[in-house]
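Participant: Sequence:
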Amino acid sequence: MSTLQASLLFLPFSFPSNSQLRLPRHSTFSLPPLSFNPFSLYFSNLHLTPLRPRVPSTRFYSLPQPNPNPSQPQHDSAVDTGNVELTEEIEGSGSDSRFEGISVEGDSETVLLQSGVEELDLAAAKTTESEGNGVDLVDKKKSDGFDRLPIVVFFVGLWVRWRENVNKVFSQFLDWWPFWRQEKRLARLIVEADANPLDAAKQSALFVELNKHSPEAVIKRFEQRDCAVDSTGVAEYLRALVVTNAIAEYLPDEESGKPSGLPTLFQELKQRASGNSDETFLSPGISEKQPLHVVMVEPKVSNKSRFAQELISTILFTVAVGLVWFMGAAALQKYIGSLGGIGTSGVGSSSSYSPKELNKEVTPEKNVKTFKDVKGCDDAKQELEEVVEYLKNPTKFTRLGGKLPKGILLTGAPGTGKTLLAKAIAGEAGVPFFYRAGSEFEEMFVGVGARRVRSLFQAAKKKAPCIIFIDEIDAVGSTRKQWEGHTKKTLHQLLVEMDGFEQNEGIILMAATNLPDILDPALTRPGRFDRHIVVPNPDVRGRQEILELYLQDKPIADDVDITAIARGTPGFNGADLANLVNVAAIKAAVEGADKLTASQLEFAKDRIVMGTERKTMFISEDSKKLTAYHESGHAIVALNTEGAHPIHKATIMPRGSALGMVTQLPSSDETSISKKQLLARLDVCMGGRVAEELIFGQDYVTTGASSDLSTATELAQYMVSNCGMSDAIGPVHIKDRPSSEMQSRIDAEVVRLLRDAYDRVKALLKKHEKALHALANALLEYETLNAEEIRRTLLPYREGRLPEQQEQEEAEGDLVLV
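Position one of the sequence shown corresponds to residue 184 (our numbering), numbered consecutively onward.
Among these hints, one or two may not hold up.
No more than 27 Å apart at the CA atoms, straight line, and that leaves these computed lysine-lysine pairs for DSSO-like [said to hold, decoys possible]:
| id | residue 1 | residue 2 |
| --- | --- | --- |
| 1 | K579 | K589 |
| 2 | K453 | K403 |
| 3 | K453 | K441 |
| 4 | K945 | K807 |
| 5 | K671 | K807 |
| 6 | K564 | K575 |
| 7 | K575 | K672 |
| 8 | K453 | K589 |
| 9 | K552 | K441 |
| 10 | K367 | K351 |
| 11 | K552 | K453 |
| 12 | K672 | K645 |
Restraint-style ranges between C-beta atoms, simulated for each label pair [said to hold, decoys possible]:
| id | residue 1 | residue 2 | range |
| --- | --- | --- | --- |
| 13 | H916 | T885 | 50 to 58 Å |
| 14 | K645 | P597 | 17 to 25 Å |
| 15 | E966 | R663 | 50 to 58 Å |
| 16 | A772 | R714 | 37 to 45 Å |
| 17 | Q900 | P597 | 33 to 41 Å |
| 18 | D942 | P597 | 35 to 43 Å |
| 19 | P921 | D942 | 22 to 30 Å |
| 20 | G710 | T896 | 43 to 51 Å |
| 21 | P921 | H675 | 57 to 65 Å |
| 22 | T896 | P597 | 25 to 33 Å |
| 23 | D919 | A781 | 43 to 51 Å |
| 24 | H916 | V679 | 47 to 55 Å |
| 25 | V679 | K586 | 15 to 23 Å |
| 26 | S922 | G710 | 56 to 64 Å |
If you are wondering where the hints come from, they were derived from the structure by calculation, not from laboratory data.
Just so you know, these numbers come straight off a predicted model, no measurement behind them.
Every residue gets a Cβ at the ideal spot worked out from N, C-alpha and C, and that includes glycine.
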């Protein structure tokens, strides 16, 4: 099918004449293909040019030059250009003739004009006999053609546009029609296959059609195993596996050693094609008829690499086995040591694996302590010297029928030196010393405690004479309770070992506890613990001896007064004094001092008594002023109340959880407290709150006095309930749970004591208000004042105790030291 194409160069205001046009020859018009768009070709070849006459350089025509002599006719000539110019003569009437195509080419500017109405026969140019007649005829025809040209161009363009739209619609219809038919066919096949799942032919027809569009859908439907298939369906399933590359899952893999799955796949497909889709497929190797053929494929490695791999595997396996064996042996050894031996009731297994921890009951302690290292408890030390003498020379006592005490129980507050006394006894006597804590007997296993007690005493029998010391014996020796059966077994074994059917000669059991009241009576009776020795806190002389012991190996300055320090630390035990010296030594090291000074020891004492200073804590001026008056109230009441302890130091520097405090230390050791002293303590507790009310008003009382009120309430409760210091209740010791009536009377008496103390303090501070202001201002200025500085501050007001009274108290303390 041919395509008729023509080009028309549209040049306004300069149309060529008929003689300058070369018309195409006869052509046959035919409809272009559906995909051809002539209108797009029309605009793609149209190039707008400036609207001016142009002379095309073409071999088809040339524009004539103007004739300088109009009287002479101008002849068309093509001699100079070499072009052949033909003049087309149109036969017939001018009104009935139409152009089929006019082609003008020049400078690549063409305009295509197509017309398929009728074909025109082109005739050869005839030479007229007369030039005048020919020129007139040509001019006439040219004039008629140019008059009809715009109308022809308009209708031709309209027809081209209409044909383009028709071609487009027809082309889209032809493109859509096959797919619509395929979709209808596929939908019909799916409905038929779903309606007849057991019809293999319909399923195969669906697979054939579905494989053209979606092979994945074929695989999915085939593997659901809910429809019958034949050989055609199997073939389509295999085709879908190949197209989607899903067949790669069944191919062998040499790198990973994966075998080929194609035989299994083909066997299963064969079984399904035969119609046995419901039967379970038996993999090779499950039945006797289908044995499993195994092929061992070894990786391609060299002999050296294979030897290295085997060597590394052997080493790793050996290390793992050895590690497991070592851990198991260690755990077993620890378990055996904790039980004191397996299969034996004796000492237990002796192992070199940490004997200190595992076999502590069979290993005596190395002791280098003597009575020279024990200070501050002369009475307890004197009683224990008899035990040491018996261990050194037992015949001295046995010749008169005396027996060594089987047990010695040391009681007293924490830190008084009970453990040190036990070590000193062993060191003085020169005998083995076995040490165990009360909490070391019991563990998670029931019966371990009793076994350890037996193991401990059997080891001691082999080392007799010796000393066994059990620290904190209340862990296993407390009163027996019904719900603590495992603890009772340990206590029973201890009771039997101390005084049972068998006698343990040459073994002294010493024990220490802070709570002797909770021990079982069967344990503390004579015959088991024959002697109960109380180790009290050291007195002034004992504290001085302890300080001298701890300071003897440290350089001290000349201003250090050990006697003054001992007198200023009442209530301190040996552990507190050791801590005091250690804190002072650390302070001196931080400051770079060569010797311990009195200020460093004083700093250590304040840190123990008052707590650590909080210098970085921000306190507002109002809060600091209120704290100063609060602490000044305590100090004024303490100085002007008979029976109150002397003031040690007053400070408004935050220490611990307190914003300020006034510390009081007794001038001497106290063995008992009088009612006057207890009432004085109540008054001192009320001093801070009353000072806040007097200076700032009742509405500005703060919570800083809550701790003072709690202390005062507990003290009043103690006076009424325990000490019988109430006239309304009388000399009665009230039980922990009194009756409601008695409790009401106790509460009323406690409130009375507190109100009386409040009234006394309020009257006292009103009387000494000037001294209160002076002391508060001094605290605001210096933050911390000791007893001497407070005395000098209040000396102009003659408040507080007179200097003569303080000197008398200090002289009494010196007499105690002497």
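Participant: State for each hint whether it applies.
Facilitator: Here's how the hints hold up against the structure:
1. K579 - K589: Judged against 27 Å, a Cα distance of about 17 Å means the pair holds.
2. K453 - K403: holds (18 Å)
3. K453 - K441: holds (23 Å)
4. K945 - K807: holds (22 Å)
5. K671 - K807: violated (58 Å)
6. K564 - K575: Status holds; Cα separation ~16 Å.
7. K575 - K672: With Cα atoms ~35 Å apart, K575 and K672 exceed 27 Å; violated.
8. K453 - K589: violated (96 Å)
9. K552 - K441: Given that 27 Å is the threshold and the Cα spacing comes to 78 Å, the pair is violated.
10. K367 - K351: holds (25 Å)
11. K552 - K453: violated (96 Å)
12. K672 - K645: holds (24 Å)
13. H916 - T885: 50 to 58 Å: violated (37 Å)
14. K645 - P597: 17 to 25 Å: violated (34 Å)
15. E966 - R663: 50 to 58 Å: holds (56 Å)
16. A772 - R714: 37 to 45 Å: Check passed, 43 Å falls within 37 to 45 Å.
17. Q900 - P597: 33 to 41 Å: For P597 against Q900, whose Cβ atoms are near 25 Å apart, the range 33 to 41 Å is violated.
18. D942 - P597: 35 to 43 Å: At 40 Å between Cβs, range holds.
19. P921 - D942: 22 to 30 Å: holds (28 Å)
20. G710 - T896: 43 to 51 Å: Given about 46 Å between the Cβ atoms, the range holds.
21. P921 - H675: 57 to 65 Å: violated (38 Å)
22. T896 - P597: 25 to 33 Å: At roughly 27 Å between Cβ atoms, P597 and T896 fall inside 25 to 33 Å, so the hint holds.
23. D919 - A781: 43 to 51 Å: Holds: the Cβ-Cβ distance is about 47 Å, inside 43 to 51 Å.
24. H916 - V679: 47 to 55 Å: The hint (47 to 55 Å, Cβ to Cβ) is violated, given that H916 and V679 are roughly 39 Å apart.
25. V679 - K586: 15 to 23 Å: holds (19 Å)
26. S922 - G710: 56 to 64 Å: violated (42 Å)
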